[in-house]
Each structure stands twice: as C-alpha cells, then as structure tokens.
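Work out the full structure: start from the sequences and follow the hints.
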Amino acid sequence: MLKFEHVSKVYKGKKRAVNDLNFEIEKGEFIVLIGPSGCGKTTTMKMINRLIEPTSGKIYIDGENILEMDPVRLRRKIGYVIQQIGLFPHMTIEQNISLVPRLLKWSPEKRRKRAEELLDLVDMTPDYLDRFPHELSGGQQQRIGVLRALAADQPLILMDEPFGALDPITRDSLQTEFKKLQRRLDKTIVFVTHDMDEALKLADRIVIMRDGSIVQFDTPDEILRNPANEFVEEFIGKDRLDSQRPQVQTVEEIMNPHPVTVTGDVSLSEAIRSMKQHRVDSLLVVNENQQLEGYIDFGIVNEARSKAKTVADAMLRNVYKVEKGTLVRDTMQTILKRGLKYVPIVDEENKLVGIITRSNLVDVVYDSIWGDSQANGL
Amino acid sequence: MEILQDLLLYYTHNAWYVLEQFGRQFLMSAYGVLFGALVGIPVGIFIAHYKKLSPWVISLANVIQTIPSLAMLAVLMLVLGLGPNTVVFALFLYSLLPIIKNTYTGIHQVDPSMIEAGKGMGMTRFQILRMVELPLALSVIMAGLRTALVITIGIATIGTFIGAGGLGDIILRGTNASDGTVIILAGVIPTALMAVIADWFLGLLERKLAPGKKRNGLISIGHE
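Chains as they are written, first to last, in my numbering: chain A, 1 to 378; chain B, 1 to 224.
Hints are computed from structural coordinates only; laboratory data are not their basis.
Backbone N, C-alpha and C fix where the C-beta goes; we use that ideal spot for every residue, glycine too.
If a hint is listed, it holds; no wrong ones were tucked in.
Not everything, but these chain A residues come out facing chain B in the computed CB check (under 10 Å): (1) Asn49; (2) Phe88; (3) Ala149.
Mimicking BS3-like on lysine-lysine, the simulated pairs with C-alpha atoms at most 25 Å apart in a straight line are: (4) A:Lys276 - A:Lys321; (5) B:Lys52 - A:Lys12; (6) B:Lys51 - A:Lys12; (7) B:Lys51 - A:Lys14; (8) A:Lys14 - B:Lys52; (9) A:Lys46 - A:Lys58; (10) A:Lys337 - A:Lys180.
Here it is as structure tokens:
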C-alpha cells in the first residue's frame, strides 16, 4: 500500500531530519510512528501527503510514485487529522466534515447524507451538523476532526498526535472508539505520537524512530518482548516492560466467569438480600438472554427504596463494559484511570460472560512480580 | 437655546441643500474607501504572503498618512485640477493605510495550523485564501474599512477648498460669516453624525459577516 524507498530529508544547511528511510506498510494496517521529539516522525508522516517534500528517495502509494503526482490531488485522496483538532471555527460541523467532498465537487445532497452517515458512526445525532465547533466539547471536536478525514472514504489516513490535547479519560475512550472504527472500516493509518501507551494500545505495528532513522519496526507485543536495543528499552520504560509482559493475556483468562447478577423484574429488597448473601456491594442487571442491561449497587437501593419497586426502575444503564478478547493491559489502564471498581465482560451480542474486579488485577500484578522472581530464583 | 432655534431655522430653510451636501460628502468618502479597498485588500493579502515586502509597503502607507490633508489636496490639485475627483483620490490614498494594515494583520494572525489543515486536505492556494484565510480575517479587515471610512469622512470636509462641495461648504461659509456659529454647527453636526452612523453600520455588517463567532465575540480561532 505504502512504501518508502531510500527517503531522506535534509533541511537547509542544517541537520538530516530523516535519513535513508525504507519501509513498507500493508493495506488495513495501523502504523504508529513514535520517538523522542526531533526524531523525524512528523517529518516522515508529512512527506506522505507532501506537506514536506523529501530531498531524495521515492514514496509509493499502491505502486504509484507520489512525487510525480499533483500534490493537491494527492492530498484529497489521503485523510489528514491535524494536531490539536484544527476544525475551522467559521464553518459549521457539516461544512467541516464535508470539506474534502466539497473540494471534490460532490453534490450538496450527497455531502449532507455522507455527513449524517459519518456522525452516526460516532453516535452523534444529525442536529450537530448545523452547530459550530466552539459549541462542542473537546472530545466531540476531535471526533469531528477524525470524521473529516474519513469523509471522502480515503483509504489512507494520516494522524498527527490527534488526541494529544484531550484529557486522559476522553483520550482513552476516543482511542478505543477509534480503534474499533478503524477495524470496521479497514483503513490504513499512519499515526504519530510520543505517548507509548497510546502506541501500544492502537498500533498493529510500531515504528520507533531516533535521529531520523528507524530503530525498530515491529508489532507491540514483539517490541515488548524483544526490544531491539537499550534505546528502545529505555524509551518504552522499564516499568512498562515489566508490567506489560504478562499482559498479552486477554480478559477471559483472568476474569471471574460467575458474576453475581439479577434480572430487572426482581424487587429491590430481593436485590439487597442477594448482595448480602454473596457479600458484594453491587449487582449486574441482565435480561432473560443474559444480556447486560445495567447495574445496581447498595447506594442506589438505599436512595431509591421509597420511589422504585423493582431493580429495573432503579438501575443505572451506563455501565462501562469490555468485549471479550480485549487485552488485559488496556482494561487495567481503563480501570485505573477511571477509578472503576469492576468491569463486566460481554461477548459480541452483549451477553454477560464474566467480570473483572480489582482483586483480579491484584492477582495479575502478584503473578507478574512473584511468579517471575520465583521462576528466576529457581 | 437661541442657537438651537437658529439651527432649526437654518435646517428648515436649507433642508434640501444640506441633504445634497451630505450625500455628496458621503459619496466622496465611500468612493475613496471603495477604491482603497480594491487596491488595499489585494496588497494586504499579497504582503501577508510575501512577508519581506510588508515593512516597505506599510512604511509607504504610513508616509502617505503623515502628509497633512490640506497639503495633500493642494499638491494633488496641481496635477488633477479642481473638483471632487481630486478629493476622492486623496481619500483613496488616506484609506490605504488602515485597509492594508488590517488586511495584513488579519491574514497574518490566522492560526498556521488552520492553513496546514486546509493544505493537508487538498486545498489549492486560492482555496485556502478564499475558504480559510479571508473568512477568518474578515472581521479584522472590516475593522480596517471602518477606520478608513471614519477618517475619510472627516478629511472630505476640507474638499471644499478645491471646490468639491460637501458639508465643508457650509462650515466654511460659517467661518467667513460674522457670528457664524450656527452655520458652522449646521455643517459640523451632520459630519459627525455621518461618521458615527457609518461606523455603527459597518460594525453591524462586520458581525453579520462573521458566522460562528456571533455569540462568543471574536475569539475561538486558536485552541486550548
């Protein structure tokens, strides 16, 4: 899909920003470029849509040398998500999203329809279309920034630290959302960041760069398992290497497969009895097909005692859940960042299959510390 | 009190004449600013993109601005002769500085990340100008036009010395008449009024033309 051949960039009289780069990316891959500042990662990315012209070498997209293409036409075929959102403040959300379609001269109806479709992808309603960027929260703005890059259905998307300006919680949920979206739409992504957590979470393969050259180009698991040299080890961080090694595990491997559940039609007093009996402070609410509907805890029961009769009346529906197959390390970060007490695990059909609590995580950490040292000791 | 009555008397007797001079003065100023905009905005855009030229062009416009208006009119009169066209030309010269400077500033202050976003999405240079730079600079450019119009309305008053007419005629007649306070006021008040109204109207237009910023004032060009 994308191929670099002996690409270098030398700035006037100064240093080599990028030095003889050679690599190839397959279609549908999520590639993250990472490295300390000044390592040439942004320069590398910007050479793909020719915001920066390489000094020498060749770059191919689908076998075509992009340096021989018209830069304007090239850029319209590549999605671009700029650092710090970069929505146009004088344009409505619709105008922002459908900018590239407009440049490609689509009809207004088609543009509108496409914009609505895209908003739907990120669970935003069409009434956002006529608002202006400043009326949206940071997270929503960045969603629009991403949608803008998808608007003309470009197969390749470049992203320049797109989530850098967001708060940790919003960033975390946007990363998850975006990774899902990318898998679904089968886009090829080149993503620049300096945040190793982000890289490990999102990337299919990571390019670690230093002083304009590639130090290691491999999958996250492989990089964690076999860092190429001391620089990579240091860059990943000793803590992360230690703590992440066992976490190539998926959530099913460590979850408790028998969470305490309750159905919506049960009365509140029945629910609190169940909590007492199982020595837990909250219950997951499921329907007759074991599909997760929400949760209820003793605090809610206590508050709603007088007003609500059944669990269905009182329960909270916005429960944070994780699909099975997710890696433990992602879930652990989420639990820690958001201060959750537990996370229910569901399958593709939202059926409850288990639960991860903080004590499960303690087991994981215990294993990674004591399990290893015991093995080493023997 | 007596002055007010006399003023009223003057206006009732000369209503048509005052109105005619009012219109004349306004047209001279408006044409001056119009030509100023036709030249100044493109020049401003140009020097915002070729920054090396900007100090030269802006100093030149500054120099023009420092020439006293009476001297300017006198010199232009030698070349262009008497009449309103000479005044319009002088007003054109005076309106250049605020228009060029504000256009330059307006385009210059557009967040570079906005331009990169436009470029990265495949806009041509002209599209970046039309869809990103000009809309984002519009309120600053409009402010320049406002300043220009207010300045020219003031300067147009002295057009009377080279026979261009306008409210200056009335003021001049007042200064020549003994005890002409009322006549002077009769010319000064509409001039001031015209400047105030023009400023207010362009301000209104400025807000109308700046969508997306209507409610929150001017900010929100940058981020966080």
